[in-house]
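S.K.: Fit chain to chain and form the complex, with the hints in mind.
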Amino acid sequence: MTSTETRADRFVRELADLRIADPAAGRPALWLRLGAAGMAAGVVLGFAAYLLAHGTTDPLAQRDALALGLAGVSTAVAGSALFLRYSLTGFLRFWMARQSHDLSVLADRLLEKEKLQ
Amino acid sequence: MSALLELRGVRASYGGITALHGVDLRVAAGQVVALLGPNGAGKTTTLKVAAGVHPADSGRLLLGGRDATGADSRDLARAGVCLIPEGRGVFPNLTVRENLLMMTFTGRGRAEVEEIAFTRFPVLARRAGQAAGTMSGGEQQMLALARGLATDPAVLLLDELSMGLAPLVVAELYEQVAEIARQGVAVLVVEQFAAAVLDIADHAAVLVRGRVERRGDPDAELRAELSDLYLGSAR
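Here the protein sequences come in this chain order: A and B.
For the first sequence, counting from 1, position 51 maps to 51 in UniProt numbering; every step adds exactly one.
For the second sequence, counting from 1, position 130 maps to 130 in UniProt numbering; every step adds exactly one.
The shape of chain B in the complex, shown without the other chains (with noise of 0.2 Å):
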């Protein structure tokens, strides 16, 4: 299956601080890839670079088998590259309607953006006059997921979804990650508590200060890895 996403080599820097030292990834059509690692790893800053968002000091960006390293995040947002960003990513002093609607500037119809929203998250019709702040954590993470979707992405990247969330909801939320997913969108999720995403994931990678350790398949023996990696004791 060809990447819609690929990192090679990629290492960036924050001033003379070194965050990623040469991170390999691919993302599928299709498949959520689950990238963990402790606090401080460089999860992050791989969203960042593959948004576009924080340049890349060496290595490639491709998508969909362009070499798109140094690409304007504006650029790349229009082409169907969306980041949800670690937090609620919502206004929150604008109603659920009022922060669906800021997602036309793609071109798309508020009605058209609203039965997007509304129908994969109908607690958001129900609200729908009601400030994103003033919403449950969980709530205003499915507006930011929802105000994702009505950008038609095509590489989805998530940040620390499940950040202040209950886990019933976290698994709620990730349900519909897999859903988006399986309608052909490639999802790069981003999380500190394994746990949370294993269920969905296809495919798994860890990050430890900057470097991919360990990758494959999220299955037991990754699982009983985790604590280790992230503890730095496995090498």
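Pulled out of the complex, with its shape left as it was, chain A reads as follows (with noise of 0.2 Å):
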């Protein structure tokens, strides 16, 4: 920073030195449905390896119901952990958003109950 250089001047030049995402890359309500899709696939999964294993005596067969069944599991688990993680962060923000709210009327409230004493 030179000492000439004004606050304007800075921010021009720290905004050109920003790496700006593409506003499309984040997509997360992409990501929310996909979580939820994940989890109902991952039932389907599980419970057509249920009927692929039940309905057949061929080990080989049996075993590859099984490795279905593993494989819906899984799709369950990361569906789960994608839908928790872009459901809970907007809930979680307008949970914040509420408590400082709260405590705001609280204070309000307790300074109106003064004025009054």
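Be aware that a few hints might be false.
As the list claims (entries may be wrong) - Listing some non-contacts, in silico: residues in chain B with all C-beta distances to chain A over 10 Å: (1) R8; (2) R11; (3) H21; (4) L63; (5) R66; (6) A68; (7) R97; (8) M102; (9) R182; (10) Q192; (11) A220; (12) L226.
Claimed, not checked - To give an idea of the interface, some chain B residues facing chain A are shown, with a C-beta separation under 10 Å as derived from the structure: (13) A29; (14) L76; (15) A171.
No lab work stands behind these hints: they were computed from the structure.
Cβ atoms here follow ideal geometry from the backbone N, Cα and C, with glycine treated the same way.
M.R.: Now the structure itself:
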């Protein structure tokens, strides 16, 4: 930073260095839907694996069904993680804002009470 | 004069409801621009888009001439975009000193932050140990402004500074805002009560139902038109 640089000059310079991510890259709604789909797919895969294993006496086919069941569990776990990540952050932000508002209201009430006494 | 903050054709929505229908605004360094309009006109949304807090559906946000559309609000805050939201914007259960201490995240030391705050608002020095929520509304707004100044802003976005305050206190606060602008900060002020801000504004824009219906110098003509614009009978 030079000594003659104004705040506006510094702002322009710092913004020029700022890396701006593609706004479409985040896509939280897409990840949320993908997570929900993963959870549902996990359950479907598990149920399909159960039917497959019980529909045959061939041990090779039953092993395939086992593998399918495990894949279902993995899909459901990954889906749940994605869903929680993208649903809880939104909820927690709202919760924090709510806490802040409640505290502010409480302070106002206490002040009012103090004034009345 | 080149603009530090510029919105070009910004459209923004909440779910299926469109709040802004192509808003154009520019604020240069050292300039105070007043964004006026009735309740629900989209003023706060405009500020949120400018601060990167709310995404624009289309249009561009330019900061210092650079396209910053879609930039993370935290990055913009670090660079010098400061949004002081509607309401008091302070932590009511923390003392004034603790509220200011939280602004040391910008890298400034505690003493420096307090010097900035207490020099501009001496009343805060006298209330340093007092819980922010127990101060008057005007003092809380001073604290909110002081917290904003501690971030060394280049662009200051103020939302309804006058809300719930006595006219004399509002005038005092806006005098401070004018002083901040004189130091080269670009200030965009959102106000529902025009009289409070037009005295210090260099330029004004009136937003009605998400569109800028009128813009120009804050002269008598604009003041006279305001009630018509607010009530929707000007068109």
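S.K.: Does the no-contact call for H21 of chain B survive, Cβ to all of chain A over 10 Å?
M.R.: holds, 20 Å
S.K.: Would the hint on A171 of chain B be counted as holding, given a Cβ-Cβ threshold of 10 Å to chain A?
M.R.: Violated - the Cβ of A171 of chain B stays beyond 10 Å from chain A, reaching only about 24 Å at its closest.
S.K.: Would the least Cβ to Cβ distance between L63 of chain B and chain A come out above 10 Å?
M.R.: L63 of chain B not clear of chain A: closest Cβ-Cβ about 5 Å, inside 10 Å.
S.K.: Compute the least Cβ-Cβ separation between R11 of chain B and chain A, then decide whether it is above 10 Å.
M.R.: holds, 14 Å
S.K.: Regarding the assertion that R8 of chain B does not contact chain A, is the least Cβ-Cβ distance greater than 10 Å?
M.R.: Per Cβ check, R8 of chain B is outside 10 Å of chain A; nearest 16 Å; holds.
S.K.: The output says Q192 of chain B does not contact chain A. Does that hold with a beta carbon cutoff of 10 Å?
M.R.: Holds, because the least Cβ-Cβ distance between Q192 of chain B and chain A comes to about 20 Å, which exceeds 10 Å.
S.K.: Since A220 of chain B was said not to touch the interface, does its Cβ keep a gap of more than 10 Å from each Cβ of chain A?
M.R.: Given a closest Cβ separation of 31 Å, the condition holds.
S.K.: Does A29 of chain B pass the interface hint, meaning its C-beta sits closer than 10 Å to a C-beta of chain A?
M.R.: Because about 4 Å separates A29 of chain B from the closest Cβ in chain A, which is inside the 10 Å limit, the hint holds.
S.K.: Hey, is R66 of chain B genuinely clear of chain A, shortest beta carbon separation above 10 Å?
M.R.: With a cut-off of 10 Å, R66 of chain B comes too close to chain A, as the shortest Cβ separation is near 5 Å.
S.K.: Please settle this one: R182 of chain B was flagged as non-interface, so is its CB more than 10 Å from every CB on chain A?
M.R.: holds, 12 Å
S.K.: Would you check whether the claim that R97 of chain B is not at the interface survives, using Cβ distances to chain A and the 10 Å cut-off?
M.R.: holds, 17 Å
S.K.: Just want to verify: L226 of chain B was marked as not at the interface with chain A; is every Cβ pair farther apart than 10 Å?
M.R.: Non-interface label on L226 of chain B holds, nearest chain A Cβ at 31 Å vs cutoff 10 Å.
Hints 4, 5, 6, 15 from the list above are not met by this structure, while the remaining hints are.
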